[in-house]
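Colleague: Line by line, the protein sequences give chains A and B. Counting in the working numbering, the first sequence runs from 1 upward without gaps. Counting in the working numbering, the second sequence runs from 1001 upward without gaps.
Since the hints were derived computationally from the structure, they do not count as laboratory data. A hint or two may mislead.
Heads up, simulated DMTMM-like pairs for lysine to aspartate or glutamate below, C-alpha to C-alpha not over 25 angstroms straight-line [claimed, not checked]:
id, chain 1, residue 1, chain 2, residue 2
1, A, Lys82, B, Glu1229
2, B, Lys1272, A, Asp224
3, A, Lys242, A, Glu227
4, A, Lys82, B, Asp1140
Note that the coordinates shown come from a computational prediction; the quantities given were computed from them, not determined experimentally.
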Amino acid sequence: MTLQVPASETAGPASETRRRPRPLGAGPGSPEIPAAPPRRRRRPERFTRLLFVAPAALYILAFFGYPIVKNLTMSLQEYTTKTFFTGEAPWVGFANYVSVFTSSLFTPALWNTALFTIGSIAGQFVIGLALAVFFRRRFPLNGFLRSMLLLPWLLPMIVSSATWRSILDQDSGILNRFLGSIGLTDAPIGWLTDPSVALIAVIMVNIWVGIPFNVALLYGGLQDIPEELYEAGALDGATGWKAFWHITVPNLRPVISVVLVLGVVYTLKVLDVILGLTNGGPANATQTLAVRSYQESFVNFEFGIGSAWSNILILVSLIFAVIYLRANRRAVDE
Amino acid sequence: MTTLNLPTAATRRARRGRLSRGTSTALGILFLAIMLFPIYWMANASLQPSGNTLTAGIFPFTPDFSGYERAIADQGHNLLTSLIISIGTVVLTLLIAAPAAYALAQFRFRWINVALLVIIIAQMVPGVVIANALYSAYNDLGLLNSIAGLILADASLAIPFAILILRTSMMGIPPAIVEAARIDGAGLIRAFVSVVVPVSRNALITAALFGFLFSWSDFLFALTLTTTEDVRPVTLGIYQYLGTQVSNWSAVMATAVLSSIPAIILLVLAQKFIAAGATGGAVK
């Protein structure tokens, strides 16, 4: 579980500065300046060093540590609108969790979260890898096109959601008009209004949002594979798909595992896309753990139940975080 | 690798030879066009005459700017709010992250591995968890509906990323140049400001740009930590539009275009910094 940091980093330069008390000018001609002044500087120095990290430490404690602890305690309390007026939040044990587990939305939300995550990651990864491999070719405008490809990732997600909502509109959206005009569909599809396709539509949009990130990371990984391997492979007859499976994939494996696990952790917490497109509807077809948590807390003002949902979300994320750290350590090792 | 370039050019061409460079460029443009079509469509729809239907043509032959008039009248103030919050987030992020990154890169602390682990985990905490807890805390502290409250919350999107990316860059600073400043009598803080900061300029710009974009794109904190219209970032403005008046698509899309401007400007003007950030924070 520990993070791998090369020894050279930790035994870094700072120690050297500290261990070399003699200033350059202090030659034999100045015996009255021994190692004393630097040593006197040493204790305030340690304090100054702490000043460098103190703001960040305090911030992380307040904006990451506190929320995690607060979610744990709130999930054991009856924490509602009333609490904000009376200041009272009675302890209720695991009642909030019971109401989550017995909620008719628990299984659908869990299932949708799994489908949303797996579908998004699979789509982003396959298309992202295909584009990354494509951009390994050398051709004019390569760099320019590759950086323009980042645009969907840099736009505010709510902007993308709004845009896709207009594209996916059942009656006048361009997608249905296009599908209809080429005769692929008889009747317009209710992308965001039909419970049986809404999740697919939401996944589609999230794939679009995630492709640039996948391309960027995978392309970086591909660039690190030495060209000689392909040349040696070509001599043995490994070209095209063979080269992809026997050279690209094995060498890219550390990067692939990092991309996949990081993708899962980031996708689990996606909220903007779903709220902007469907708000969890139609007929709860796009409810996920994150959406449930948001709606219980900020729509129903049941913060206790909302934090119980989000603790389940944290638990799932944590499992993948551990996998990520292991994958990342392996990536550093190799 | 460079020494091998000449003799291997032929093999390389054999491996990738089936498509000419021109065809590759054409394919690349096609892929990009498909990926960016929604963004084109957003711009196209924003130039259509306002109305509740989306009967937009493929090209805005007769561009109509009434959507923009409406967007600026409704959302101009919100755009300004977003801008102030984003700039505030950048300043706060750099003030907190830069010294910490330097410390993690160059000081010999025993608990550096633990600190890095905490930062990586922090990046993974779902925003809704933070929002759940901050709402009641902000309620007590009077930070709901305030610019300061949103700046503080938005910094949570940027600080872990900034620390990681700045640390990676600051690990490459030769200790000798800092030491030289120290010998000239500069204290640790002085040396940091006058030597480390200028040397890390590029990484600082990358961290700042992403801090800006993260904050500008924030929707969740805007949604949960404001309850009135006093302080309303434009992302929330768009969401409100979507809820109440999809009757006027051209205004919604015009607002979407206006909210995309920072990302587009930064991508065009600061390409290399964006590219550095896209890969830097995630793996390292």
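Colleague: Of all the hints numbered above, which does this structure not satisfy? Sort the numbers upward.
Modeller: none
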